[in-house]
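Starting from the known structure of chain A, arrange chain B on it as the hints suggest.
Number of protein chains: 2
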Amino acid sequence: MSKSLPSRAENYSEWYNELVKRADLAENSAVRGCMIIKPYGYSIWEKMQRALDDMFKETGHVNAYFPLLIPKSFLSKEASHVEGFAKECAVVTHYRLKNDPNGHGVIVDPEAKLEEELIIRPTSETVIWSTYKNWVQSYRDLPILMNQWANVMRWEMRTRLFLRTAEFLWQEGHTAHATKEEAVVETEQMLNIYSEFAETFMAMPVIKGRKTANERFAGAEDTYCIEAMMQDGKALQAGTSHFLGQNFAKAFDVKFLNKANQQEFVWGTSWGVSTRLMGALIMAHSDDQGLVLPPKLAPIQVVIVPIYKGEEQLNNIKSKIDPLVAALKKRGISVKFDISENQSPGFKFAEYELKGVPVRLAIGNRDIENGTIELARRDTRVKTNLPFEGIEQVIVDTLDDIQISIYQKALGFRAANTFEVNTWDEFLVKIEEGGFLSAHWDGSPETEEKIKELTKATIRCIPLDSQEEAGKCILTGNPSKQRVIFARAY
Amino acid sequence: MSKSLPSRAENYSEWYNELVKRADLAENSAVRGCMIIKPYGYSIWEKMQRALDDMFKETGHVNAYFPLLIPKSFLSKEASHVEGFAKECAVVTHYRLKNDPNGHGVIVDPEAKLEEELIIRPTSETVIWSTYKNWVQSYRDLPILMNQWANVMRWEMRTRLFLRTAEFLWQEGHTAHATKEEAVVETEQMLNIYSEFAETFMAMPVIKGRKTANERFAGAEDTYCIEAMMQDGKALQAGTSHFLGQNFAKAFDVKFLNKANQQEFVWGTSWGVSTRLMGALIMAHSDDQGLVLPPKLAPIQVVIVPIYKGEEQLNNIKSKIDPLVAALKKRGISVKFDISENQSPGFKFAEYELKGVPVRLAIGNRDIENGTIELARRDTRVKTNLPFEGIEQVIVDTLDDIQISIYQKALGFRAANTFEVNTWDEFLVKIEEGGFLSAHWDGSPETEEKIKELTKATIRCIPLDSQEEAGKCILTGNPSKQRVIFARAY
Chain A
1 MSKSLPSRAE
11 NYSEWYNELV
21 KRADLAENSA
31 VRGCMIIKPY
41 GYSIWEKMQR
51 ALDDMFKETG
61 HVNAYFPLLI
71 PKSFLSKEAS
81 HVEGFAKECA
91 VVTHYRLKND
101 PNGHGVIVDP
111 EAKLEEELII
121 RPTSETVIWS
131 TYKNWVQSYR
141 DLPILMNQWA
151 NVMRWEMRTR
161 LFLRTAEFLW
171 QEGHTAHATK
181 EEAVVETEQM
191 LNIYSEFAET
201 FMAMPVIKGR
211 KTANERFAGA
221 EDTYCIEAMM
231 QDGKALQAGT
241 SHFLGQNFAK
251 AFDVKFLNKA
261 NQQEFVWGTS
271 WGVSTRLMGA
281 LIMAHSDDQG
291 LVLPPKLAPI
301 QVVIVPIYKG
311 EEQLNNIKSK
321 IDPLVAALKK
331 RGISVKFDIS
341 ENQSPGFKFA
351 EYELKGVPVR
361 LAIGNRDIEN
371 GTIELARRDT
381 RVKTNLPFEG
391 IEQVIVDTLD
401 DIQISIYQKA
411 LGFRAANTFE
421 VNTWDEFLVK
431 IEEGGFLSAH
441 WDGSPETEEK
451 IKELTKATIR
461 CIPLDSQEEA
471 GKCILTGNPS
481 KQRVIFARAY
Chain B
1 MSKSLPSRAE
11 NYSEWYNELV
21 KRADLAENSA
31 VRGCMIIKPY
41 GYSIWEKMQR
51 ALDDMFKETG
61 HVNAYFPLLI
71 PKSFLSKEAS
81 HVEGFAKECA
91 VVTHYRLKND
101 PNGHGVIVDP
111 EAKLEEELII
121 RPTSETVIWS
131 TYKNWVQSYR
141 DLPILMNQWA
151 NVMRWEMRTR
161 LFLRTAEFLW
171 QEGHTAHATK
181 EEAVVETEQM
191 LNIYSEFAET
201 FMAMPVIKGR
211 KTANERFAGA
221 EDTYCIEAMM
231 QDGKALQAGT
241 SHFLGQNFAK
251 AFDVKFLNKA
261 NQQEFVWGTS
271 WGVSTRLMGA
281 LIMAHSDDQG
291 LVLPPKLAPI
301 QVVIVPIYKG
311 EEQLNNIKSK
321 IDPLVAALKK
331 RGISVKFDIS
341 ENQSPGFKFA
351 EYELKGVPVR
361 LAIGNRDIEN
371 GTIELARRDT
381 RVKTNLPFEG
391 IEQVIVDTLD
401 DIQISIYQKA
411 LGFRAANTFE
421 VNTWDEFLVK
431 IEEGGFLSAH
441 WDGSPETEEK
451 IKELTKATIR
461 CIPLDSQEEA
471 GKCILTGNPS
481 KQRVIFARAY
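Line by line, the protein sequences are chains A and B.
Just so it is clear: in the first sequence, position 90 is 90 by full-length UniProt numbering, and no numbers are missing.
Just so it is clear: in the second sequence, position 259 is 259 by full-length UniProt numbering, and no numbers are missing.
Since the hints were made in silico from the structure, they are not lab data.
One should not assume that every hint holds.
When chains are identical, the list treats them as one kind, so a pair holds in a single copy or across two.
[Unchecked claim] In silico SDA-like links for lysine to any residue, alpha-carbon gap of 25 Å or less:
hint	residue 1	residue 2
1	K259	S138
2	K320	V152
3	K57	V325
4	K77	Y490
Next up, chain A with everything else stripped away, as it sits in the complex (with noise of 0.2 Å):
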């Protein structure tokens, strides 16, 4: 058996690092900060995808397929998204390589330089708004409900598996609507959405809210986020909707004939969840034995693992567990009866634990003598011996307990660890000890700049639930309309 994972009491960052490793979810690949996701990995990634494409077609937006490159002038036609962008993007700017006339391999053709450089799509804003130009002349052509999934990339300095990566797996939908009102709703049904998979599926709460100003989307006149607590207190920000304006329709001259027959620019939505809910997924659940996944997104939810000597025992034992299997497949449950002889039922029960798996059965020759079966939840660790008899719908019921176990414990932490502050000694007290801080702020972008200098703490949201509240600001004193959340973040 291999050696155990660092507690997360002991270095959180590197029971993250190994707990991905380990699980094979994902690795470094050759090229730097871009990660190869492994197929167990891509599995819950699936998952992720099909329930969001579900929610997503449900609300009546469809799939489509825009180009990886960009040209570069596009970038500069909406000025803030450029100035978001420009630093961290990678760039095209031949298209053919040649031997090496000294023999080296390959070269870089010089002949080959493209006329004006292309650029990796950091997002999809940009070329699909100047394709909307062409497809939108009348109020009859709107709404556009669209989404892609897609690879992006954004050449970060820093990067970490699935959390911060160069290149990463997304969905980015793009809409376009008639009205103002009617693209702000949608922001607000995306949000909705996003809240609704990371609570319901995901089993992680988070909290809905409006970024600052600082924190916008680069090319945005809104930017609505949820934002997760991860185990050590720090803020992850797990999904973001932005209200555009006119923005991009002003950059590429999207008008539209509407109903009174004037021309008018387009309104526009963009929202986004990437594979970085991947390392919220794990933060914000998974303990010291490895994984724990919530039963929805798992990709095997049961595994059966035998004990016996031989093969008369092993063929009592298929005989019972060969119609459960059935049962339960039937019933959409992923199990897996592992038979297989290469490994003793301790190395798979620590393996299965590793991977998260959330419920675990056992079952010996005495369990066959007495009509029983071992039952181990991965939440709770719990062990319980249980009558066979009935075991299918115990299962059933455990799974669903599971998934709302691990919500209720994620809430509970996140609630112990939420504190409001009120003075700019408590606040730097209380950002050492991790968590999110509820605090005023006197609303100017330089107060919450410094704040951020002198604590590494940003206002991850102006949560939407909050309700106004006379208050001074916890840095300036100067006044202060409502509490926002304050905490470190990944």
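Then chain B, alone, in the frame of chain A:
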């Protein structure tokens, strides 16, 4: 109503280009050779993906994701591979833009030059085999049965929507095995899966065969393919499955300890199909009125158009149609009841013909009185007035029948346009008429090349089911053992 399509007889190439655009499948983007796959086209691709992915998973394959960018030096490691791909690849040389000091937008920052250039993957053998080196130590680590869905880029000079684009979407399977035999079995299995998919889902008959050495994948020992005939008699390669031997294992030093405790190089395969299949699907079945889609891949399988005056008539129609729609949906049939008021029934009929909806129903006031409904098949364009009673089962049966009929029609077309040719004069005449020519070839690459120069015909494949037969090469008169398939190709 928009003007009609060019006819196939008039200008097959223009017919195709116009159809792709008018049916909202795809369009060219601002980046040369890169396409935008529009929502309707993408929804067909999604159905293809789902069907193929299910078939891959049923045969034990798992999905993963590898980086978009490949270090230039990786390409050079397999000699024929670099030969095949170096001349048409997009090269990333820089990782940052900066503001132009002369004020013209942004320019490439010369200080952000990469030490080693990166290539946008034209295919992923190199990056994947460099990873397999770390994954494989012993025979216990094998086989690896992996696939990825990804975008790739080959800098083609002459491009056509779906058929040949600089960027395209595909799946690429990459497997690793302990024995040659197992790798060959895998190569053949995947060819069979492609063939089954083409015939069962796309309703497109294909010939399974081997490529000649000239036409082999760069780095493969053997390339298997499926070849389909388009309605202009030209061939289209619809999928390939490569036996890689130990070539990539040797290039990337991927060895394993076999059961006899000896170090051995791993055996490999790779196999792929791409959005090119969209081009094949369109050209295999469609007609001068628009797309003809096989029901198994049609985003909308059934459309129902009401013909009415006033709300009362519409309500009468609704009361009959709503339960039918619900019943069809329950059977998993995708159905659209188009009660939109902007367009006339005639306009809608033409639009759904253009989009290839397999079954169209129309129902008016007289139908309500008579208890009838009109059913039109897209493939034959035959309309029939039928009793409303029992229409649900008729629809289901008609969809099944269309799936089979268009396959049979394509099969008949191929049979009528496949010729055994035994003299060079005959070859020269027949190749101008289009179709597949079954002819003897002496097995030399020079002869193959010469025939291509003289006639633009290539050897599509050496069919797997062809019998040995003594004969003389069509061009040189040299002895030959079996016939091969010649054709002009996309």
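Structure-based check of each hint:
Proximity of K259 and S138 under a CA criterion of 25 Å is satisfied intra-copy only: 8 Å inside one chain copy versus 70 Å between copies. In this assembly of identical chains, the alpha carbons of K320 and V152 never lie at most 25 Å apart, being 49 Å within a copy and 48 Å across copies at closest. In this assembly of identical chains, K57 and V325 lie within 25 Å of each other by CA distance solely across copies; the values are 19 Å between and 32 Å within a copy. Taking identical chains as interchangeable, the C-alpha atoms of K77 and Y490 are never at most 25 Å apart, the minima being 30 Å within one chain and 38 Å between chains.
In the structure shown, a violation is registered for the earlier hints numbered 2, 4, in ascending order.
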